[in-house]
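Asker: As given, the protein sequences belong to chains U and G, one line each in that order. Residue numbers are given in my numbering: position 65 of the first sequence equals residue 65, and the series is strictly consecutive. Residue numbers are given in my numbering: position 61 of the second sequence equals residue 61, and the series is strictly consecutive.
Rather than coming from a laboratory, the hints here were simulated on the basis of the structure. Values in this document were obtained by computation on a predicted structure and should not be read as measured data. Just so it is clear, CB atoms sit at the ideal spot from N, CA and C, and this is done for glycine as well. Warning: the hint list may mix true and false statements.
To be verified - One-sided excerpt, in silico: chain U residues whose CB lies under 7 Å from chain G:
id: 1; residue: T71
id: 2; residue: A119
id: 3; residue: R150
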Amino acid sequence: MVRFKNRWLLVEFVDTSTVDASAEKESLSTRPLDGRLIYNALRDSVVTNFGDTGWGAVGMSLNVKYFSPLTNLCIIRVARDQHRIAWGAVTLLTSIHDVRVIPRVVHVSGTIKHTQLSAIAHNREVIARFRTKLKNTAFHHDSYDDYLARSTREIEALHD
Amino acid sequence: MVSKRKGDDTEEMTSRERKKLKVAGARTIAVQPPVSASGSGTVQSSGNAFAGPSSTTVRFDSMQGLPASIDVEMFTEARAYEIDAMQKAIKTAGESVTHRVWQTLPRHLRRRAASHDVRRVPLRLRDKARAEMVPVTRRILKRGRSKQGKTKQVSRTESLLRRQRDKTWLETHIWHAKRMKMENMWGYRLAVTPTEKSFRPSHRASMHGSILHDSSYHSLIELKGPENILRNVLDLCCDPQCTGMKRSMTGARVLETDLYKSGSYPFDLIAPVTIMWRPLPVGNTSAPANASQAKGSSKRRRKRKNDAPVNAAPQSPTRVIWVRSHPAVFDDIFAALQGSASLVLEAEKQRHKDVYAEVEIVDLRGSVNAFEIMGPKASQVIKGALSVVADDDRQEFKKFWPSLTDLQTTASLPRGIVIGMKVLDPRLKFPPKNAKLRMDGQHPATPAMTFPAAILAQSEIWDEEQRSALKKPTYKKKDLDARRSKNLVPGTPLSPLRQDDRIPLLLIQRSLESPSSTHGIHGWMVVVPAGWGMPFLPSLVHTGTRVGGQRERGSQAFEAGTAYFPRDFPCTEFYDKHWDERAVKEKAKWNRTPPAKRANFKKLGTRSPWRADWEVVLGLPVASEVDENLVPAQREPQDAMEVDKAPTVRPWLLRGPEVPTILAKATQNFNHGAGLLAEINRLRTKRGMDVLDASYRPEDLLKGALVMVRLKMVSRGAPNDLAIIYRIDDDEARKIIKEKGKIREGADSNEPAEAAPPQTSIIGYVTTGNMSLSRGEGFAIGAIPVSVLLELRQQAQRYGFLARGKPQLMWL
Numbered sequence: 001m002v003r004f005k006n007r008w009l010l011v012e013f014v015d016t017s018t019v020d021a022s023a024e025k026e027s028l029s030t031r032p033l034d035g036r037l038i039y040n041a042l043r044d045s046v047v048t049n050f051g052d053t054g055w056g057a058v059g060m061s062l063n064v065k066y067f068s069p070l071t072n073l074c075i076i077r078v079a080r081d082q083h084r085i086a087w088g089a090v091t092l093l094t095s096i097h098d099v100r101v102i103p104r105v106v107h108v109s110g111t112i113k114h115t116q117l118s119a120i121a122h123n124r125e126v127i128a129r130f131r132t133k134l135k136n137t138a139f140h141h142d143s144y145d146d147y148l149a150r151s152t153r154e155i156e157a158l159h160d
Numbered sequence: 001m002v003s004k005r006k007g008d009d010t011e012e013m014t015s016r017e018r019k020k021l022k023v024a025g026a027r028t029i030a031v032q033p034p035v036s037a038s039g040s041g042t043v044q045s046s047g048n049a050f051a052g053p054s055s056t057t058v059r060f061d062s063m064q065g066l067p068a069s070i071d072v073e074m075f076t077e078a079r080a081y082e083i084d085a086m087q088k089a090i091k092t093a094g095e096s097v098t099h100r101v102w103q104t105l106p107r108h109l110r111r112r113a114a115s116h117d118v119r120r121v122p123l124r125l126r127d128k129a130r131a132e133m134v135p136v137t138r139r140i141l142k143r144g145r146s147k148q149g150k151t152k153q154v155s156r157t158e159s160l161l162r163r164q165r166d167k168t169w170l171e172t173h174i175w176h177a178k179r180m181k182m183e184n185m186w187g188y189r190l191a192v193t194p195t196e197k198s199f200r201p202s203h204r205a206s207m208h209g210s211i212l213h214d215s216s217y218h219s220l221i222e223l224k225g226p227e228n229i230l231r232n233v234l235d236l237c238c239d240p241q242c243t244g245m246k247r248s249m250t251g252a253r254v255l256e257t258d259l260y261k262s263g264s265y266p267f268d269l270i271a272p273v274t275i276m277w278r279p280l281p282v283g284n285t286s287a288p289a290n291a292s293q294a295k296g297s298s299k300r301r302r303k304r305k306n307d308a309p310v311n312a313a314p315q316s317p318t319r320v321i322w323v324r325s326h327p328a329v330f331d332d333i334f335a336a337l338q339g340s341a342s343l344v345l346e347a348e349k350q351r352h353k354d355v356y357a358e359v360e361i362v363d364l365r366g367s368v369n370a371f372e373i374m375g376p377k378a379s380q381v382i383k384g385a386l387s388v389v390a391d392d393d394r395q396e397f398k399k400f401w402p403s404l405t406d407l408q409t410t411a412s413l414p415r416g417i418v419i420g421m422k423v424l425d426p427r428l429k430f431p432p433k434n435a436k437l438r439m440d441g442q443h444p445a446t447p448a449m450t451f452p453a454a455i456l457a458q459s460e461i462w463d464e465e466q467r468s469a470l471k472k473p474t475y476k477k478k479d480l481d482a483r484r485s486k487n488l489v490p491g492t493p494l495s496p497l498r499q500d501d502r503i504p505l506l507l508i509q510r511s512l513e514s515p516s517s518t519h520g521i522h523g524w525m526v527v528v529p530a531g532w533g534m535p536f537l538p539s540l541v542h543t544g545t546r547v548g549g550q551r552e553r554g555s556q557a558f559e560a561g562t563a564y565f566p567r568d569f570p571c572t573e574f575y576d577k578h579w580d581e582r583a584v585k586e587k588a589k590w591n592r593t594p595p596a597k598r599a600n601f602k603k604l605g606t607r608s609p610w611r612a613d614w615e616v617v618l619g620l621p622v623a624s625e626v627d628e629n630l631v632p633a634q635r636e637p638q639d640a641m642e643v644d645k646a647p648t649v650r651p652w653l654l655r656g657p658e659v660p661t662i663l664a665k666a667t668q669n670f671n672h673g674a675g676l677l678a679e680i681n682r683l684r685t686k687r688g689m690d691v692l693d694a695s696y697r698p699e700d701l702l703k704g705a706l707v708m709v710r711l712k713m714v715s716r717g718a719p720n721d722l723a724i725i726y727r728i729d730d731d732e733a734r735k736i737i738k739e740k741g742k743i744r745e746g747a748d749s750n751e752p753a754e755a756a757p758p759q760t761s762i763i764g765y766v767t768t769g770n771m772s773l774s775r776g777e778g779f780a781i782g783a784i785p786v787s788v789l790l791e792l793r794q795q796a797q798r799y800g801f802l803a804r805g806k807p808q809l810m811w812l
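Pulled out of the complex, with its shape left as it was, chain G reads as follows (with noise of 0.2 Å):
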């Protein structure tokens, strides 16, 4: 074949025969050269010199006068070197055609341009790759000047910053864009999952391993104001039945909570959030507050200010608290948020005429980043790429930094501990090396305990000054690596400038955990001021840890049992909404598939096949019901119309940490619905809230109610999203009790007959089902209304499976 350009023609030879030459070198076999025939004299006579015939009946002429020994060595010589030979060419006949360079880098190194770009090879192999690749495409990567004029050159940051402009990009948006599947979510582009398949590694980096996730799209509020208002405040909007409040206004520790609509309990709930207080600065417990004077207003901030006429000095000290939660449902909660905090300043007006109160409510999205490294080695990780800044003076920090060495699992820490501190720039000890733990029995079994206190938990990140002062790095790339080459000794570490910066963060311990069940999974969020994502991910990433997006994050909160915001809360709003997109992308798949391949909903009777419609679970009248007794002419007030019609049921989730001994005490009383309002207005009084409105009938908060459960497969099988529940009658429990003793047995069972059973006995969907992988079996979350759990529960009980009070068994 001629070639085209003249360069070419000066190389011997093309690529295509250099490889041929290479595979047919690759593959024969050497063979040993023969002796001359004019060699030693005694060895040569009578096939000495040779192998010799394999089969035992060679005799061996004693009366050569040689030793048998030695013609042994001689013998196996030459098989030696033929075993040898062969040897050889197997190896180099499968290492030589079969693999490129690169196919030999692990798959996180391998880059898709490696096949036409040497540079994207590491440095050891680039010559090899160089040899391989066909010189042609060598000349196609012209990174040079584009044909447009100069006026049309778009620098890179302004095309970059062009597309961001519908949405937002986090920080560290390039290092993930390169490595992950991409989506736009809640108005920032988020990964979803990796680009290698990585589903099993990625659980089990969760429980052996770390796996780190950049979560900082999580919206952040602030809230500003005197000690007891704000504790009113939050009150009025969080889970009445969380116990941690108290121990959280320390700030020693953060509260997980859900956050409802303020005054309505348990209706309206929005969205599970995160409460962080604050720590007061030591020593100075009672501080009179002033009245905290107008800050310049930035662009982003929105400023909510109720301010009562006169002053005093407020009794309580001015504390901060920080909420953090899901990024779609932020308009609803900065809405609860103000809402509830109007209320308590009427409240305190109406209480202390003379008190001047005032709570600030500020929006603080994308002034920190939060990186949530879950599993056991994460401490280790923490420890090894973060350096403290060396004048930190408190002693439980100096006890604590150490003992994260040895520590193997978060859970061993209190749940939800904060604790702040300083560390220097973490590109100075680039590349990072994990702390290793210590197996030996040189120091002590157990850990030095770590107890939350205040003092642990300060940290500088909250100033917002602080905060705005370290947004640029003083130093960046460039210029760190000048600092390193300048070293002596290539690859020491750099030493603290003055200069460096030093940035406040804050770890935070965080668990996915469900009661009673050892499938928890823990970690680290550790939070870092704005500015400081991208230098932060490398040190926290290099040593292995994986890194998983939206998938990896929902996957591990399945696995540890716990419901997923907003995948596992029927009543919330933004479940709709979710649930709704999900709905439309699942039926074009369905439409999109062939009828051979697909479900035949028509014949199998699903009532909702891409929809949960609690509604009819519950036994609610469905929305799009147009009522008979509603004239639409009529111009007369909707409250007159109102109290003729029967109220409406809403209903609403039941969910918290005190659920089972709510159902409890509600099963004592007779009238369940009763007992169930007894309970929840309880917990209302508790909070300060008023009792609910007496209008609405106990027997229809008890019609409303779902409750969350987890499900167990009796057999095989796995569930998936949208598996319906249903409910089997007496004789039926009866036959799969007798099966399952049999199956354990080990005995051939017959299959029970596959008809699906009736629409009525419906009792509920699962809202996520799947294998699990730490379990072993189908397992699945989902939930049923409240009204059929006692009455499994009296059915189960009737079974005698009851134990502790709590039942055993679910099933499908």
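The shape of chain U in the complex, shown without the other chains (with noise of 0.2 Å):
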């Protein structure tokens, strides 16, 4: 029987302004990202490194799925036999409309659902990061502490 094999790509684009802090650049503030804009530069990259043979292989499976522009994360659909060239592309892409981005991938998977629950990990490890980084973290009690443990349930019982 045949099945259609998909990998599916958990990629976060890491904003340079802030790491460079040079005001030369624009920050990804200015010009907010869209599912169509990351496509077409995945495409261009694509063409660019692997030609056309390499866009002809991925092109008909290739689909970014998900976006978010606040926490730049990004979900992209690709076949299982031509992964590989849509994630060397995603390495190799360096900028997004003139703007520096660093992707990073963060989870490959075989179904969205391992995705999204490994988004939600990456999600509650940056939440964590940044509770540690609090000065005054004995006194700060935030309301995400009862919505951690509430969620952290939930996913449970969606792990199966």
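Fit chain to chain and form the complex, with the hints in mind.
Answerer: Structure follows, in structure tokens:
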């Protein structure tokens, strides 16, 4: 039986503007990214690095399923046999619409469910990291304690 | 796609499009909209409005003047939204497309027609189901008038009755037919097994829950007569080893025993039966019993009266006995009882020439319904479903009924105890609730002990007039529902009216157990008059009692380690019939299977693959052999011939509660056969039968004796039905014992050679074999000749396995 197998990439676009803090480059805040913009940038990257054959191989199945401009998380779908081409193209992506970005592939999986679960894990890690950086952790209690406790339980229930 | 019918055009989208939309909606992940650029000022600068990069090399610009805590809140809020969105997406994607609405229902509420008929789905889910269905098929179901004219209309009753002409339906047939696989057996249409996969759940229910079986098809014979005459009738027929005869004569207990042809114990075993005596009315101990007047004969009654001339008041009261047995052997049992009765009455006539004695034998098939509820929860189910009539004055019953709540298993009650009571229509209290076991220490740890008492067993169900008056319930379900709708508060149980029926019934404790074993299955048997099967069934089943068919009943007996009629009773007629039918089926199946996938019996050298050939095992001549001595054209009477011929050895089954002691006594005698004969004669004389015919030699008696054995496996594997039991000689036994010891230590052992043992060492067959769920290993019930059993016992003694006089190991 023929099944179409995919690979789902969870990519985070690291904003270089805050890292670099050099005022010449535009920050992402001025040009909010879009799923379509990312797709176009990816296409250009594939064509530049892998040629037309590369785009022909990957193009049919490439799809940007989700992008959040606030968290810069992106979920991209590729067919399983060509996912290395797309992965390479993502890594070699330097700028989207004249905005320098550093894409970082966080997770690769075969189903979107596991990609979503890894996105959740990634976000929780980020929250945890930020909270540890707080100066006055002892005094500051935010509403996220209950939320995190509750969502932990829900996520455990979703894990099969 | 252009739709055919006008109506469909008006819908905006077809169901396919709707489904696609639903799927697409379920699979999208929500994205938090970005904050507008013209938001609050300070928050905007240098990416503070965003979630921020994930790496920790972010420098918090303290020049902002904001405390770090607020940044964290903003950062994490966006992340939290995303977490939420992902979670929701996973959940909705999982739930939306993969499940139809009726798939969320438990298995026993799902119906096949639910896919095209919304009425088969419970009310609360109907709207969703309607939305999910493809709309075109909504019109297919037209339950209106058929095309054929009025004269050809066959009412439903008529069509159902037409189907019942060659077989009998039980009262609960339609309920069973919807849920179980049905088969024609013994003139009845009976349930074999439920349609859902329920082998293990049924076993678990019999061990920890409750499982019900409608056994109304069992035949019932009523015997009426003076007490001593009835006692003698039973003595001639029943197994002499049974000890409960006196106890059961008060009527407080039932007697489970085997029935033989009258006077020919131990040969001609017919079947196991259950015998119930009607308790004498209290305060009426020695009522002079007049000759029972002839009742109007109904079509289904067969009466047998044996009158003796002249009259005189008999000394013993008239009693009534019910004999309950398997339906297939009804004729044999009836004939046996008739023969026995005529013999006893003849003897009475000889002894007391002026006594008028009469024994009436009545066929009561179909006049009662019986439900067997097995499992520890059976008592709570019965207590919850039945509501006792208020005007019952018996003290014992008043103590017994509340104690049912706390009864954890009916094994705590005396075996076979009978309790008679009167209940209200169970439909008044529908839906019932199980009585709850109280687990706290408030009640005494041991419930009040119930002793069998004749007064406890009184019931009006024995009365024929009462039963016929109750044949038709006064209220139909429709009437009761109308009454229920008049209730002010919906859901209150109906209060009993004067016109409501009060139904007498019997509760009989029923156990499947083998001595010296912990794997017993205990429960109740509820006997109700005819016409009340359907009202009782839903109340008993509503709280989660499983329902089982023939297969479940058989596997209960197997797990308990008892013999199940007819499978495990080798020397009865019905056993032969049963296994012949089964052999035909198995042979046909074997023929159908391709040779590469079936056992090659020729190569294995199996003597008889589909039948247990007991004659060869016992060393008897096979029946089909032609005797050379017999001249075919002889017209002489046969007696002269038989004197010359060697007397044939008749196979018989040694069975009963006293078998171990009988065998022990037989071995004390050097000649085992003579010892066995002495034991049999002792039992026969105990019951007033003559000793066995002297022409029957003790060696033949021993030769033809089979005994039932239980087999446990030494190592892995489970035997099948009709597995062959071999005997192993001494050095092989030594090897296996050594290896068994090794296996215990966990060392690796070489498998013994797999060659099939020679045919001469076949000592018996397994009648029922399977993986036993309660033991966790293979288990089998089979039979071997008694002589071989005694030899094996000696062999085991040599190896020191004999503990407390009983061999511990028997192996295949």
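Asker: Evaluate each hint against the coordinates.
Answerer: Hints and how they fare:
1. Satisfaction of the interface hint for U/T71 is found here, the shortest Cβ-Cβ separation to chain G being roughly 4 Å, below the 7 Å cut-off.
2. Interface restraint check for U/A119: the shortest CB-CB distance to chain G comes to about 5 Å, inside 7 Å, so the restraint holds.
3. Residue-level restraint check for U/R150 is violated (minimum Cβ-Cβ distance to chain G is 11 Å; threshold 7 Å).
Against the hints set out earlier in the document, a violation occurs for number 3 only.
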